[in-house]
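Asker: Based on the sequences and whatever the hints tell you, model everything.
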Amino acid sequence: MIFFNVCCEILHKITLQCKFFFLSTDEIMHQDIIPLYAADIQDQLKKQFAYLSGGRGGDGCPVITFPDYPAFSEIPEKEFQNVLTYLTSIPSLRDAGIGFILVIDRRQDKWTSVKASILRIAASFPGNLQLVLVLRPTGFFHRALSDIAFRINKDELRMKVPIIMLGSVSELQGYIDKTQLTEDLGGTLDYCHNRWLSRRTAIEGFAQKVKQTAQILQSFGTELAETELPNDVQSTSSLLATHTEKKDKMKEDIRVAVEQGDDILGSITKPSKVAAFLLFWPLPKVELSSFMQSCVSFQVKAALDIVSERLSAFTDVGNSSSHVEHILKDLANFEEKSRETVAKARMLASERDAFIQSNHYAVDSIIPKCSELHHLCDAFTSETERRRNHLNKSLELHDLLEKSMKWCDEGIYLLASQPVDKCQSQDGAESALQEIEKFLDTGAGNKIKELNKIYREYAHILNEDLKEHVQKVFQKQESMEEMFQKRQVSLKKLAAKQTRPVQPVAPRPEAFVKSPCSSPGNETTELHQSRGGSTMDDEENLAVLRQHVMNELIETERAYVEELLCVLEGYAAEMDNPLMAHLISPELQNKKDILFGNMEEIYHFHNRIFLRELETYVEYPELVGRCFLDQMEDFQIYEKYCQNKPRSESLWRQFSDSVFFQECQRKLDHKLSLDSYLLKPVQRITKYQLLLKEMLKYSKNCEGAEDLQEALTSILGILKAVNDSMHQIAITGYDGNLNELGKLLMQGSFNVWTDHKKGHTKVKDLARFKPMQRHLFLHEKAVLFCKKREENGEGYEKAPSYSYKHSLNMAAVGITENVKGDAKKFEIWYNAREEVYIIQAPTPEVKATWVNEIRKVLTSQLQACRACDWIDCLHFLPMNSPSRNHIRNTKKMEEKKADLEGCGSTVAPKYPEKGKGECAHAWSPPTKHCPHCSMLVPSALSLGLISAFQCVVWTGSKPS
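Each residue of the sequence shown is one higher than the last, beginning at 1 in full-length UniProt numbering.
Please keep in mind that the hints were generated in silico from the structure rather than gathered at the bench.
Heads up, the beta-carbon is just placed ideally off N, CA and C, and yes, glycines get one too.
Some clues are possibly wrong.
Here are the computed distance ranges between Cβ atoms for each label pair [unchecked claim]:
1. 612 / 467: 24 to 34 angstroms
2. 126 / 662: 36 to 46 angstroms
3. 859 / 738: 16 to 26 angstroms
4. 619 / 806: 32 to 42 angstroms
5. 594 / 667: 21 to 31 angstroms
Answerer: This is the structure in structure tokens:
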């Protein structure tokens, strides 16, 4: 700013010397837009069909002269407008606002030209007009003609200001003083148009140079203020060298500008004026030198402002002891890094103090800067200490709260762990009472004694969140202490009972222990009351535990909904924000559905439905299982989300370093990146089964226990379905649509041997003692055999894939549950045992689960066929199935022998070297013999249908 003021002073002096440069110094330096410069229209200005001489009217109005110019009508309109626009932009805004006086010299012209000139000027003049003075033609004929024509055409020539026709320059001097008129108008004003144009061009160039240099200087100052100081010596030296180079360049620009100003001033002033300027110049010159020296001071102050601003960001008082300790550590590191900056500032302030003591020439400007440095250093030190004290108090409070929480948790579990049966005896009651009293003695240093005292002592750090946390901890402490008081009362009653002798009596159904001191009825009543009181206390304790689980369920549900909304608004919605589009790489655009899956659907379900339903059960936690069961179908949306998770994970790893995600995380002030929040739905659906298990643990004798058990089973079923679906989507090589195979029921890895009999030659793969490793997928309509392939990678990319090998249609499948020699093996056979697969499960339990599930599928198919004609069931079988052909043959046989009542005459095909089995179902009569196993089956099923399903359910050994 010193340079700027010096150059403005030069311009001011130039303006005083050249009164025809009307713009003030401030306006020259600060006008943002100058339509034209003299250099731009220099050729047009040289024609001199209009000029600004510097003369003024009586009220200070600028005078623009239109001299006699024979080719006035031939001037191009663009040039005419450029010159008028430029001339009217020269005077200051205040002078231009008063209005211009136009002097139109047409003494040597004709009236027709006068009229045309006036009309043209009136149509194109861009400024305000105060008065128009016209020197009319001097010839007798044209003078007379002009008087008559002017009166006739007065309305046509009407302008917003008066037009006065003058006959001579003497009349003109009656309106404008002689000293304000140029010599060609009879005045004494010294005006040379070429000289004016040359100086005007030079001054405008100088003003531009000064303005540019001032802007560069201002930018450099801003850069110094905003530059973040590095932490190492090498970077600091590099930064200092860069700033020094810029400073030297600006110093040269300033020198050139000052020399240019000196030259212009010297060319327009007299020697006395130059001498006066030389007397004026030393002080600004010294100030310029001082400015360059103060750059270091400015840089130090800017660095001090930056560290002060960063210190102001330490407003968080933490949400736990570990969090506060982390903030304190960050504050200590920040203070260490800022120590050098503060030391430089104090050293610089000490140097300025020395300048003040030595009566420096710029003492008036040094004193406030020095005081400011001292103030900033002291303020930074005191604020740092204040922040540290606040954090220490916060750490003290959080330690107290965590101790109280831990004490309450230990107390609750102590009550829950005391066995009810042992507390019924006097010794057991006394032992439990001692445990409680011993535990309560530990509360002196662990619990919150007075809530109001906490509020008073920590008032300066208690924000709304922390205050709410204190209240919750205190309420939990009070609830726990109330539980202990009730338990103590009950235990004291049990411990106070005296042992009485027992007198045996004759055994009767209503026998009881008789005391010589009391009647049997009184003793029995007292015993029942004692036990009833203890049971009531246990129920109260369980109720408190149920309420704790319910509170955790609702609180975590609310937090979960808020986190989903935060991700949807802070990330997903921002991908559609036009203002953020430039941060998104082209490969990431239009990938929102892949990245976020159906998270929005999950959010709407929890926010609009599930959370509201949960809140209605807050007073009845043992009944919350019904809430889960009512919404169980909606939980299926998690399967879609989890199936999309591998694609989302892969996309995130590809673009995790994107500037877009970093900017979104900064705006949200998240400590964790987006991938942590994309995992929330998977974590949440897993959390429900843990909470339901806890609730069921404390609700076994409650009304809603069955619903809780059913809800837990359903949630575990959803988790299994989600897990199975994650494996299903990894199947590769299957040509059809997996969805057409029905619901995926089971999946798992097995050892598989094959024993196929195809054509005339028996191919026995069973001879291969080494089994094949296969991963089986059991659907409602087919079972798929796949080969598991481990993949290399990270995250979901490391999950295995399954290469499809073949499949079996469940409509033509049979099973043999037991295979001799191994309790873990069972058989799946196909098309009248043309294909036999011996399956070895990892454990007998896994085998039993699979066999039961397959039995359910086959049984459901049989039950479905009972309800329809046997011919309608043909669609279950492949077109080329031998069983389908057998059905057709059997139909023809039934048509020929309509009176056939049994199948005793039919010879069932035999399987060589196989044992004999029996059908699993207990079929009801009337019956027929199965053509394959000769067992009795319901006659409601045709022989062809039974043959088609290959004796679908077996127990025991293989059929013969």
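Asker: Hints first: check each against the structure and report whether it holds.
Answerer: Taking the hints in turn, this is what the structure says about them:
1. 612 / 467: 24 to 34 angstroms: 27 angstroms Cβ-Cβ, so the 24 to 34 angstroms window holds.
2. 126 / 662: 36 to 46 angstroms: 52 angstroms, violated
3. 859 / 738: 16 to 26 angstroms: 24 angstroms, holds
4. 619 / 806: 32 to 42 angstroms: 57 angstroms, violated
5. 594 / 667: 21 to 31 angstroms: 23 angstroms, holds
Hints 2 and 4 from the earlier list are contradicted by this structure; the remaining hints agree with it.
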